[in-house]
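Participant: Each chain, written out:
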Amino acid sequence: MSAQTTTPVGAAASPAASPAARPGAGRTGRWLALASRHRVALTLAFLVVFPWIAPYQALAANILVLGLYALGFNLLFGYTGLLSFGHAAFLGGGAYGSGIAIVHYGLHPVLALVAGTLLATLIAVAMGALAIRTRGIYFAMTTLALSMCVYYAFYQAESFTGGENGLRGINVPSLSLPGFRLDLLNPTVKYYAVLAVVGLAVWLFSRLLSSPFGAALEAIRENENRAQACGYDVRRMKLVAFVISGALCGLAGALQAIHLSIVPIETMHYSTSGQAVMMALLGGMGTFFGPFVGAATFSLLQDGLTTLTSHWQLFVGAIFIAFVLFLPLGIWGEVLARLRRAGW
Amino acid sequence: MVSGIPVPRAPVAAPPILSAQGLGKAFGKFRALSGVTVDFPEGGITAIIGPNGAGKSTFFNLISGAVPPSEGRVLFRGRDITGLPPHRFARMGIAKSFQITNVFPHLTVRENVRVAAQARNVRVPLFRDRSAFPELTERAEALLGAVGLGHRLDRLARELAHGEQRALEIAVALAAEPSLLLLDEPTAGMSPEETRAMMDLVQRLAETCTLILVEHKMKLVMGLCRRLVVLHQGQLLAEGTPDDIRAHPEVRRVYLGKSA
Numbered sequence: 000m001s002a003q004t005t006t007p008v009g010a011a012a013s014p015a016a017s018p019a020a021r022p023g024a025g026r027t028g029r030w031l032a033l034a035s036r037h038r039v040a041l042t043l044a045f046l047v048v049f050p051w052i053a054p055y056q057a058l059a060a061n062i063l064v065l066g067l068y069a070l071g072f073n074l075l076f077g078y079t080g081l082l083s084f085g086h087a088a089f090l091g092g093g094a095y096g097s098g099i100a101i102v103h104y105g106l107h108p109v110l111a112l113v114a115g116t117l118l119a120t121l122i123a124v125a126m127g128a129l130a131i132r133t134r135g136i137y138f139a140m141t142t143l144a145l146s147m148c149v150y151y152a153f154y155q156a157e158s159f160t161g162g163e164n165g166l167r168g169i170n171v172p173s174l175s176l177p178g179f180r181l182d183l184l185n186p187t188v189k190y191y192a193v194l195a196v197v198g199l200a201v202w203l204f205s206r207l208l209s210s211p212f213g214a215a216l217e218a219i220r221e222n223e224n225r226a227q228a229c230g231y232d233v234r235r236m237k238l239v240a241f242v243i244s245g246a247l248c249g250l251a252g253a254l255q256a257i258h259l260s261i262v263p264i265e266t267m268h269y270s271t272s273g274q275a276v277m278m279a280l281l282g283g284m285g286t287f288f289g290p291f292v293g294a295a296t297f298s299l300l301q302d303g304l305t306t307l308t309s310h311w312q313l314f315v316g317a318i319f320i321a322f323v324l325f326l327p328l329g330i331w332g333e334v335l336a337r338l339r340r341a342g343w
Numbered sequence: 000m001v002s003g004i005p006v007p008r009a010p011v012a013a014p015p016i017l018s019a020q021g022l023g024k025a026f027g028k029f030r031a032l033s034g035v036t037v038d039f040p041e042g043g044i045t046a047i048i049g050p051n052g053a054g055k056s057t058f059f060n061l062i063s064g065a066v067p068p069s070e071g072r073v074l075f076r077g078r079d080i081t082g083l084p085p086h087r088f089a090r091m092g093i094a095k096s097f098q099i100t101n102v103f104p105h106l107t108v109r110e111n112v113r114v115a116a117q118a119r120n121v122r123v124p125l126f127r128d129r130s131a132f133p134e135l136t137e138r139a140e141a142l143l144g145a146v147g148l149g150h151r152l153d154r155l156a157r158e159l160a161h162g163e164q165r166a167l168e169i170a171v172a173l174a175a176e177p178s179l180l181l182l183d184e185p186t187a188g189m190s191p192e193e194t195r196a197m198m199d200l201v202q203r204l205a206e207t208c209t210l211i212l213v214e215h216k217m218k219l220v221m222g223l224c225r226r227l228v229v230l231h232q233g234q235l236l237a238e239g240t241p242d243d244i245r246a247h248p249e250v251r252r253v254y255l256g257k258s259a
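Just so you know, the sequences run in chain order G and C.
Taking numbering that gives the first Met the number 0, the leading residue of the first sequence gets 0, the next gets one more, and so forth.
Taking numbering that gives the first Met the number 0, the leading residue of the second sequence gets 0, the next gets one more, and so forth.
Because the hints were derived from the structure by calculation, they are not lab data.
Treat the hints with caution; some may be incorrect.
Said to hold, decoys possible - These stretches of chain C come out as covered by chain G in the derived footprint (C-beta under 8 angstroms, 3 or more residues): (1) 86–96; (2) 110–120.
Said to hold, decoys possible - The calculated label-pair distances, taken between Cβ atoms and stated as ranges, are: (3) C:ASP128 x G:ARG180: 36 to 46 angstroms; (4) G:VAL39 x C:HIS105: 16 to 26 angstroms; (5) G:TYR137 x C:HIS105: 15 to 25 angstroms; (6) G:GLN312 x C:GLY52: 54 to 64 angstroms; (7) G:ALA341 x C:PRO104: 22 to 32 angstroms; (8) C:GLN98 x G:TYR104: 53 to 63 angstroms; (9) C:ARG87 x G:ARG132: 13 to 23 angstroms.
A virtual CB, placed ideally from N, CA and C, is assigned to each residue, including glycine.
I would like the entire structure built from these sequences, with the hints used as guidance.
Facilitator: Structural data, given as structure tokens:
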């Protein structure tokens with residue numbers, strides 16, 4: 000029908016109609032759809048065997064925690080389309096919250112995780128309420144400025160946070176739960192204890208993404224004005240996404256404090272916010288598994304390069320720029336795109 | 000035809016569905032629109048026409064809630080809705096399509112309409128699965144069939160041809176079951192075939208809800224709309240039936256004179 004049409008005005012109309020352009024068609028598409036349905040199980044299966052392929056187990060636990068940090072960040076960046084430069088405030092808030100609960104109040108580690116997550120959530124409510132009034136680069140700058148305010152507040156509260164020296168002495172040698180006791184000095188046990196918490200968060204995250212709320216967030220990312228014209232209260236939904244993202248990053252921080260038994264003040268520094276952006280982009284923004292790939296890549300690069308040179312950040316920066324220029328989908332995003340294109 | 004679309008109302012002398020009362024908008028010192036008072040009757044199609052720069056798009060943005068007016072009020076079924084945020088307009092049953100194609104480019108065609116249908120609910124559950132609401136998917140597919148996109152459900156929106164994207168946008172707007180649909184130049188940039196298909200669609204839609212559309216090409220709308228509102232240099236020049244407008248001396252001078 001469209002063969003004999005001469006379209007003077009809508010000339011741009013025809014090329015998109017080429018057949019078989021739909022990505023994810025065929026057998027690859029079916030496998031990817033299946034994998035996507037079982038994304039939580041597959042992610043957890045990988046994380047269960049991960050310590051046995053990582054160079055050493057303490058690094059594996061680092062990557063796990065950073066992966067959760069990048070996952071929380073990705074909810075806002077990859078799925079809602081909001082670029083925040085202030086997520087260090089949530090990682091740090093969670094870390095200080097749980098660290099202070101243990102050091103100053105002797106709370107049970109599980110309660111300390113809750114305390115850390117709550118503190119990060121509160122910070123996220125305050126920061127989010129102010130930041131979502133702005134868009135684009137102004138949003139990024141507002142979150143950056145607010146996170147620096149939080150940084151200085153924690154820096155100044157030396158009696159609580161240890162100020163410049165960081166919060167030290169978060170000693171959790173063992174975890175006693177009803178019925179059994181876990182020896183956290185054993186790195187393998189510690190890894191799987193952290194994984195239990197991260198696994199729960201990953202499951203919740205997946206539920207959130209496949210919910211109607213997750214669908215609405217994607218609509219906001221795709222076209223904010225259209226979403227609003229459809230009847231979505233875009234501001235409120237952005238705030239909810241911001242707070243959930245902050246809470247997930249706070250949980251990551253709370254785990255990190257217990258894992259490292261120290262909270263360095265740099266946890267809250269804006270370079271840590273930049274690290275979240277880097278991990279999300281290295282792994283693949285808006286992909287489910289990407290944040291863990293990004294966290295692993297970043298940590299392995301850091302680990303490998305620091306043994307070679309003290310200027311490791313220079314090389315990480317160069318690699319990051321190369322990714323932005325040549326692999327904008329990130330490692331995992333590129334893998335998925337290639338599988339889709341392969342289409343056998 | 001499509002289930003769920005409001006039942007057509009009898010075109011009796013009902014109170015207006017939408018009224019503009021002394022609407023005006025100034026951008027700095029430039030007055031794009033001033034003192035426009037028009038009632039839009041319920042049912043059928045009303046077209047807003049006028050030459051370039053007449054203030055059509057500004058007027059559209061004011062009555063669709065995209066931009067707050069500098070003066071005047073907008074009433075929907077007698078209720079003052081001036082200055083309400085855009086999502087509240089949508090919740091009340093006012094849907095719109097934009098002049099520039101405005102869909103969710105990286106979502107599938109089906110998901111575009113499904114997510115729009117979902118927006119009707121005030122509460123958006125955080126932890127229930129999307130698949131727990133099959134009626135939304137069914138509704139999306141029925142609407143897409145009605146606008147002629149039933150064979151494109153699994154495509155990404157950005158892969159569609161221009162005319163198809165406009166049709167998709169109308170399905171997105173209809174998903175919320177509006178009683179009033181506002182269309183800003185629905186045939187802009189379309190080929191003659193696409194334009195004809197779009198006008199057919201517009202005509203069919205008018206059987207089920209009230210339509211107000213902005214159109215640059217007067218000839219297109221003369222045949223199908225019940226009423227016309229003519230804007231010129233930011234002011235209301237005339238309103239009435241197509242016959243009234245054709246006979247109106249001022250309109251003939253500023254508008255028809257050029258294109259005839």
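Participant: Does the structure break any of the earlier hints, and which numbers would those be?
Facilitator: none
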